[in-house]
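> Read off the chains here:
4 protein chains.
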Amino acid sequence: MNTLDVKTLNVGIIGYGYWGPNLTRNFFEIPMSELVAISDLKGDRLQRARTLYPDVVTTPDYTELFDMDLDAVVISTPPATHYPLAKECLEHGLHVLVEKPLTLNSEHAEELINLAASKGLTLMVGHTFEYNSAVMALKNYINNGELGDIYYLDAARLNLGLFQKDSNVLWDLAPHDISILLYLLGEKPISVSAQGMQSIFEGIYDVAYMNLVFPNRVSAYIHVSWLDPCKVRRVTVVGSKKMIVYNDMEAEQKLKIYDKGVDMPTYTNGGFSEFLCSYRSGDILIPKIQLVEPLRQECQHFLDSIVNHEPPCSDGDDGLSVIKILEAAQRSMANGSTHEVIQW
Amino acid sequence: MNTLDVKTLNVGIIGYGYWGPNLTRNFFEIPMSELVAISDLKGDRLQRARTLYPDVVTTPDYTELFDMDLDAVVISTPPATHYPLAKECLEHGLHVLVEKPLTLNSEHAEELINLAASKGLTLMVGHTFEYNSAVMALKNYINNGELGDIYYLDAARLNLGLFQKDSNVLWDLAPHDISILLYLLGEKPISVSAQGMQSIFEGIYDVAYMNLVFPNRVSAYIHVSWLDPCKVRRVTVVGSKKMIVYNDMEAEQKLKIYDKGVDMPTYTNGGFSEFLCSYRSGDILIPKIQLVEPLRQECQHFLDSIVNHEPPCSDGDDGLSVIKILEAAQRSMANGSTHEVIQW
Amino acid sequence: MNTLDVKTLNVGIIGYGYWGPNLTRNFFEIPMSELVAISDLKGDRLQRARTLYPDVVTTPDYTELFDMDLDAVVISTPPATHYPLAKECLEHGLHVLVEKPLTLNSEHAEELINLAASKGLTLMVGHTFEYNSAVMALKNYINNGELGDIYYLDAARLNLGLFQKDSNVLWDLAPHDISILLYLLGEKPISVSAQGMQSIFEGIYDVAYMNLVFPNRVSAYIHVSWLDPCKVRRVTVVGSKKMIVYNDMEAEQKLKIYDKGVDMPTYTNGGFSEFLCSYRSGDILIPKIQLVEPLRQECQHFLDSIVNHEPPCSDGDDGLSVIKILEAAQRSMANGSTHEVIQW
Amino acid sequence: MNTLDVKTLNVGIIGYGYWGPNLTRNFFEIPMSELVAISDLKGDRLQRARTLYPDVVTTPDYTELFDMDLDAVVISTPPATHYPLAKECLEHGLHVLVEKPLTLNSEHAEELINLAASKGLTLMVGHTFEYNSAVMALKNYINNGELGDIYYLDAARLNLGLFQKDSNVLWDLAPHDISILLYLLGEKPISVSAQGMQSIFEGIYDVAYMNLVFPNRVSAYIHVSWLDPCKVRRVTVVGSKKMIVYNDMEAEQKLKIYDKGVDMPTYTNGGFSEFLCSYRSGDILIPKIQLVEPLRQECQHFLDSIVNHEPPCSDGDDGLSVIKILEAAQRSMANGSTHEVIQW
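Protein chains in written order, with the working numbering: chain P, 72 to 415; chain Z, 72 to 415; chain L, 72 to 415; chain C, 72 to 415.
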């Protein structure tokens with residue numbers, strides 16, 4: 072396709088609160104999109120949007136966007152509104168990029184997926200880390216066998232968090248890590264268990280630990296917290312040949328590849344040795360990762376998916392998978408950390 | 072008591088493998104003890120001991136120690152031998168310091184406790200971290216209310232580990248963290264759950280996650296691993312006023328006190344605010360901790376306990392508590408991470 | 072002054088290359104200024120400016136700005152053009168904020184200072200670090216005696232640098248550290264010496280070490296490099312009571328206050344002790360610094376200085392001082408690191 | 072040579088203060104040496120030595136060592152006594168390992184070198200870092216061309232230091248870095264300049280900066296300080312192809328190899344481009360360095376040199392070179408940081 076022929080897509084934003092401004096800036100700057108309108112219920116946010124984008128329409132009434140000849144809408148509103156807003160946008164024939172989590176339950180997610188499919192529209196969820204260069208490089212190392220067999224993954228996302236009504240630390244933070252795990256492994260977990268704490272407010276989980284069991288005995292652990300003094304964003308992948316730590320808090324050195332492992336004895340002399348095996352500890356490599364804003368790559372991918380009529384990497388099914396895992400984890404937390412098998 | 076009158080105690084060592092040399096060096100150097108004999112089954116170890124301590128008796132037969140007019144014996148042999156060796160030593164009227172874990176099951180531990188009590192002998196287990204200046208300072212901060220109400224603790228002890236037959240990562244590493252938790256909180260957990268992985272060898276857990284539920288809804292999490300690329304030894308304590316991270320990998324700055332927390336709103340105006348509360352992030356203090364070798368303090372404490380006829384901090388009961396928690400965790404791992412209530 | 076009465080100042084930008092976009096964004100966002108025009112010789116830069124600020128005039132000809140009823144101009148062009156551009160702007164009655172270094176020699180700087188004074192205009196140079204919250208806090212600690220007597224300061228600013236024609240590492244990086252030192256100490260150095268290396272290109276210094284001697288025997292050392300594998304931006308201040316490290320590479324913990332020092336003996340018993348004194352090593356405090364974009368504070372300060380008819384913190388004299396020190400350092404490097412006394 | 076035929080060398084220690092115990096422990100443990108006697112003027116030190124080595128002779132009178140049929144003597148006394156003690160030991164036909172600095176002036180060092188040569192004795196100085204595995208690996212990287220042409224080296228050795236009478240920070244700390252530089256480059260500097268501060272005591276330099284100019288325009292900078300809040304031990308080597316940082320404060324990851332550099336333009340299109348060149352930033356490699364106690368390797372090397380009649384790596388000439396550089400630096404500091412050409 073000749074780049075001169077690339078259609079410019081008209082984009083509207085619904086929700087200009089915490090994350091919306093970042094999405095807005097990217098769609099404003101990407102040549103392939105035309106930022107047409109921004110909608111938010113709060114006047115001060117619209118005022119700020121007008122300062123930055125004086126030529127863009129701002130309105131407290133998102134339904135006005137339906138009369139603006141838009142191609143696509145980006146929804147970054149509170150999670151509870153994702154479903155009705157996305158549904159209405161799809162019904163008006165608009166492609167939709169919605170922030171994570173896609174919806175608050177899997178029925179709603181399935182409804183949106185079916186609606187988008189029936190209308191031939193693109194439905195994408197904002198799992199940013201699937202567009203992160205370091206995560207993409209990590210997936211490459213896994214796929215090309217550099218790590219050997221994968222034993223397990225351990226993810227942590229900790230910090231002091233903003234407590235929100237109608238949410239909890241699981242739904243707020245774990246979507247990131249779940250989407251990373253699904254993306255890295257290319258598989259869905261068989262079962263999930265979780266336990267959580269309600270330290271500050273009765274009824275609001277602020278610390279949670281999850282376990283996901285994948286096929287081939289691969290396990291993954293996720294620790295999320297709104298109550299930790301240190302900001303941590305880390306995924307460790309342990310394989311039979313090598314181990315990788317992805318530390319998103321590092322400015323540049325985000326991946327560290329450890330030539331470490333446990334070597335099994337090549338023979339056992341009849342009996343049983345005192346130490347079953349020895350460990351190997353070799354070089355550490357910190358590969359150069361080209362730094363690109365992940366959100367820029369996500370926004371560009373949304374536009375490309377629309378134009379090329381191809382499902383995006385983080386499509387509705389991906390969003391649904393994350394929600395089904397969150398639902399199972401929530402059930403597990405409520406039931407004393409039972410193992411919840413997920414029906415796919 | 073006048074220091075001139077302090078009795079010098081005759082000490083023997085059983086087990087001169089990985090940890091024994093450290094215990095030996097300390098009892099050799101402490102003025103209050105006289106290192107008399109070292110026993111180990113392996114000749115090369117005894118050879119090395121003779122090089123360092125040419126005047127100390129070395130023997131492959133530990134029973135020879137019973138004829139040497141010893142006051143106390145230090146046992147640092149493989150865990151499976153702790154019980155029979157400690158029992159035999161106590162029966163010979165010797166005070167006993169035994170490495171962690173005290174025994175491999177709680178019945179044996181109770182038997183040793185009763186035996187020591189009936190004979191008026193000191194039974195102490197080598198929970199080193201209870202004699203660590205940083206852990207002691209951390210307990211002080213908790214006790215004097217500096218942290219406010221304790222919400223939870225999170226401990227991690229990770230590294231490439233030496234796989235051993237008849238052991239697993241839980242029994243190898245978790246005793247440290249469990250003894251720290253019991254010491255810090257001054258309480259015993261109500262229930263325990265755990266899950267583990269057998270990545271390398273069928274039947275040997277090499278990664279484990281534990282949850283301990285304490286009274287007053289305090290929870291503690293422990294992550295131990297023999298399969299991690301990074302050496303981690305960290306305990307995070309989260310309180311309502313402040314949070315502390317104890318990082319044992321730091322050479323000097325082992326404690327960091329964060330003036331961080333979540334402040335609840337003082338009033339709610341009828342409705343319900345969007346954000347339930349705000350977080351507070353103030354100064355960080357790294358207190359000067361006087362560095363003393365914890366093992367030196369532990370060995371001295373053993374000798375003092377004997378002379379003063381006082382139960383040591385890490386006495387048999389403490390060792391038993393750790394074992395009952397390990398047993399419950401082991402049951403939980405075997406049963407699919409059930410919540411195991413512990414009978415105290 | 073009632074904020075309702077605050078005059079909005081019309082601002083133009085000359086130079087939209089590396090740093091200009093940051094200045095532009097701030098003047099665009101600050102309510103007290105109206106961004107009117109952007110000038111740059113390169114079309115692609117103007118194109119990018121038009122994308123972000125469609126309502127702002129863009130032009131390759133900066134002289135057009137003189138017909139736009141502007142109040143102030145911001146100059147962020149290559150250093151060699153600072154003098155003629157600033158001069159022309161002042162002659163047209165415009166207040167001027169010019170990037171560092173103010174000019175390439177002190178005669179030109181003096182001429183600009185005199186010109187601004189004679190016309191009653193504000194002349195300010197963009198020494199950003201004087202508007203950095205961490206540097207301001209550091210100055211407070213020095214001024215209120217927390218550190219005791221200042222012994223010396225050591226500054227390092229290292230990285231792989233972009234080699235530029237007609238510049239060198241001294242003129243590129245050292246203005247930051249020199250302006251920080253002048254600001255922190257509130258004094259001007261008596262003499263300067265420097266040595267440099269021309270590793271890559273004959274005639275272009277890419278590594279330099281400077282020494283500044285201040286009154287009261289206070290010394291300061293500056294190490295700047297375009298050829299270092301690690302990005303370093305650090306100032307260490309050593310006082311008789313405490314020591315502070317300002318590490319600008321830290322995201323949040325930019326200041327560390329060490330209760331460390333050397334205590335002199337209170338008496339000497341006739342002879343002379345083997346060790347003259349002992350060192351003291353106490354707590355470390357990491358104070359909470361409120362993070363504000365320094366450039367925002369700088370831009371706001373420029374506007375405030377104009378409206379209030381008050382000399383800015385980094386006024387022309389400040390810019391001149393930095394240049395006289397750079398000139399002396401350059402002479403010293405050329406003459407084999409002679410000590411160059413500066414006439415103030 | 073058959074290891075069964077290796078002669079065991081009888082070794083005596085003179086000086087059991089700060090560093091002596093480490094030397095003593097190594098010679099006690101190395102099979103090839105027999106630790107015979109320890110001498111020190113202070114009774115409490117001898118008492119401690121007797122506790123650790125009950126079978127070794129201890130005496131306050133070092134001359135007693137001359138009647139003990141020793142092969143070699145290790146001198147770790149205050150620097151001012153190095154010359155007379157080493158001289159006396161050599162005159163008694165003993166091989167000598169003396170702590171750095173070899174002597175307090177070059178005449179004395181030359182005298183010892185000549186004396187040892189005339190008697191066919193080994194004279195070695197304790198430049199420990201020449202026996203450090205990380206430094207040895209670093210030298211390998213330089214020698215095999217991995218770094219390309221060496222541009223410069225920058226070394227820092229900082230901490231709170233023990234102030235000593237009759238010494239200063241230069242003579243206390245810089246011998247380490249000078250010996251490292253000489254070892255790494257395999258060349259001697261043409262000239263030296265230095266500047267220092269006397270912050271605490273008039274007449275005692277406690278902070279110093281040195282510059283060493285080597286052949287082929289290679290420069291080296293050394294920063295030593297007794298007055299810094301952070302413990303720093305770092306050498307950076309910058310080459311045309313790669314750069315290496317040796318950080319001795321890291322427990323394991325002591326070397327980091329940066330594939331970074333500045334690439335010169337392959338052509339210039341008639342004029343002169345704005346940016347002369349671009350920088351390249353690739354992977355970082357942390358090679359596995361086998362950890363061996365450097366002092367153990369040093370002590371073994373001393374014994375090997377004696378037995379093999381080969382000059383040690385850090386022989387008298389090496390010690391003399393360090394002293395001549397220190398003398399020149401001292402002169403430079405006294406004369407206002409003149410460039411002192413060294414006659415070799």
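Hints in this document: simulated from the structure, not taken from any laboratory.
Some hints could be false.
Any copy will do: because identical chains look the same in the list, a pair fits if it lies in one copy or spans two.
[To be verified] Each computed DSSO-like pair below joins lysine-lysine, with the alpha-carbon atoms no more than 30 Å apart:
{"no.": "1", "residue 1": "Lys-313", "residue 2": "Lys-236"}
{"no.": "2", "residue 1": "Lys-327", "residue 2": "Lys-210"}
{"no.": "3", "residue 1": "Lys-78", "residue 2": "Lys-302"}
{"no.": "4", "residue 1": "Lys-327", "residue 2": "Lys-302"}
{"no.": "5", "residue 1": "Lys-259", "residue 2": "Lys-312"}
{"no.": "6", "residue 1": "Lys-236", "residue 2": "Lys-190"}
{"no.": "7", "residue 1": "Lys-302", "residue 2": "Lys-210"}
{"no.": "8", "residue 1": "Lys-313", "residue 2": "Lys-259"}
{"no.": "9", "residue 1": "Lys-158", "residue 2": "Lys-259"}
{"no.": "10", "residue 1": "Lys-327", "residue 2": "Lys-190"}
{"no.": "11", "residue 1": "Lys-190", "residue 2": "Lys-158"}
{"no.": "12", "residue 1": "Lys-158", "residue 2": "Lys-313"}
{"no.": "13", "residue 1": "Lys-359", "residue 2": "Lys-302"}
{"no.": "14", "residue 1": "Lys-78", "residue 2": "Lys-327"}
{"no.": "15", "residue 1": "Lys-78", "residue 2": "Lys-259"}
{"no.": "16", "residue 1": "Lys-359", "residue 2": "Lys-78"}
{"no.": "17", "residue 1": "Lys-302", "residue 2": "Lys-236"}
{"no.": "18", "residue 1": "Lys-312", "residue 2": "Lys-236"}
{"no.": "19", "residue 1": "Lys-359", "residue 2": "Lys-236"}
{"no.": "20", "residue 1": "Lys-158", "residue 2": "Lys-78"}
{"no.": "21", "residue 1": "Lys-236", "residue 2": "Lys-158"}
{"no.": "22", "residue 1": "Lys-210", "residue 2": "Lys-313"}
{"no.": "23", "residue 1": "Lys-78", "residue 2": "Lys-113"}
{"no.": "24", "residue 1": "Lys-259", "residue 2": "Lys-190"}
{"no.": "25", "residue 1": "Lys-190", "residue 2": "Lys-302"}
{"no.": "26", "residue 1": "Lys-327", "residue 2": "Lys-259"}
Note that the structure is a prediction, hence the values are computed from the model and not measured.
> Each hint: holds or not?
Evaluation of the provided hints:
1. Lys-313 to Lys-236: Between. Shortest inter-copy distance 24 Å satisfies the 30 Å Cα cut-off; intra-copy 42 Å does not.
2. Lys-327 to Lys-210: This pair counts as both: shortest intra-copy Cα distance 13 Å, inter-copy 25 Å.
3. Lys-78 to Lys-302: The answer is neither: 41 Å in one copy and 42 Å across copies each exceed 30 Å.
4. Lys-327 to Lys-302: both (19 Å within a copy, 14 Å between copies)
5. Lys-259 to Lys-312: within (23 Å within a copy, 40 Å between copies)
6. Lys-236 to Lys-190: neither (34 Å within a copy, 58 Å between copies)
7. Lys-302 to Lys-210: both (24 Å within a copy, 24 Å between copies)
8. Lys-313 to Lys-259: within (23 Å within a copy, 39 Å between copies)
9. Lys-158 to Lys-259: Classified as within; 26 Å inside a copy, 52 Å across copies.
10. Lys-327 to Lys-190: neither (44 Å within a copy, 55 Å between copies)
11. Lys-190 to Lys-158: Answer is within; shortest intra-copy Cα gap is 12 Å, inter-copy 63 Å.
12. Lys-158 to Lys-313: neither (45 Å within a copy, 44 Å between copies)
13. Lys-359 to Lys-302: For Lys-359 and Lys-302, the Cα distance is within 30 Å both inside one copy (23 Å) and across copies (15 Å).
14. Lys-78 to Lys-327: neither (40 Å within a copy, 48 Å between copies)
15. Lys-78 to Lys-259: Answer is neither: 36 Å inside a copy and 61 Å across each miss the 30 Å cutoff.
16. Lys-359 to Lys-78: neither (34 Å within a copy, 49 Å between copies)
17. Lys-302 to Lys-236: within (22 Å within a copy, 38 Å between copies)
18. Lys-312 to Lys-236: between (45 Å within a copy, 22 Å between copies)
19. Lys-359 to Lys-236: Between copies only: 28 Å across, 41 Å inside.
20. Lys-158 to Lys-78: within (25 Å within a copy, 47 Å between copies)
21. Lys-236 to Lys-158: within (23 Å within a copy, 58 Å between copies)
22. Lys-210 to Lys-313: both (14 Å within a copy, 28 Å between copies)
23. Lys-78 to Lys-113: between (32 Å within a copy, 28 Å between copies)
24. Lys-259 to Lys-190: within (27 Å within a copy, 60 Å between copies)
25. Lys-190 to Lys-302: Classified as neither; 42 Å inside a copy, 52 Å across copies.
26. Lys-327 to Lys-259: Intra 26 Å, inter 38 Å, cutoff 30 Å: intra-copy only.
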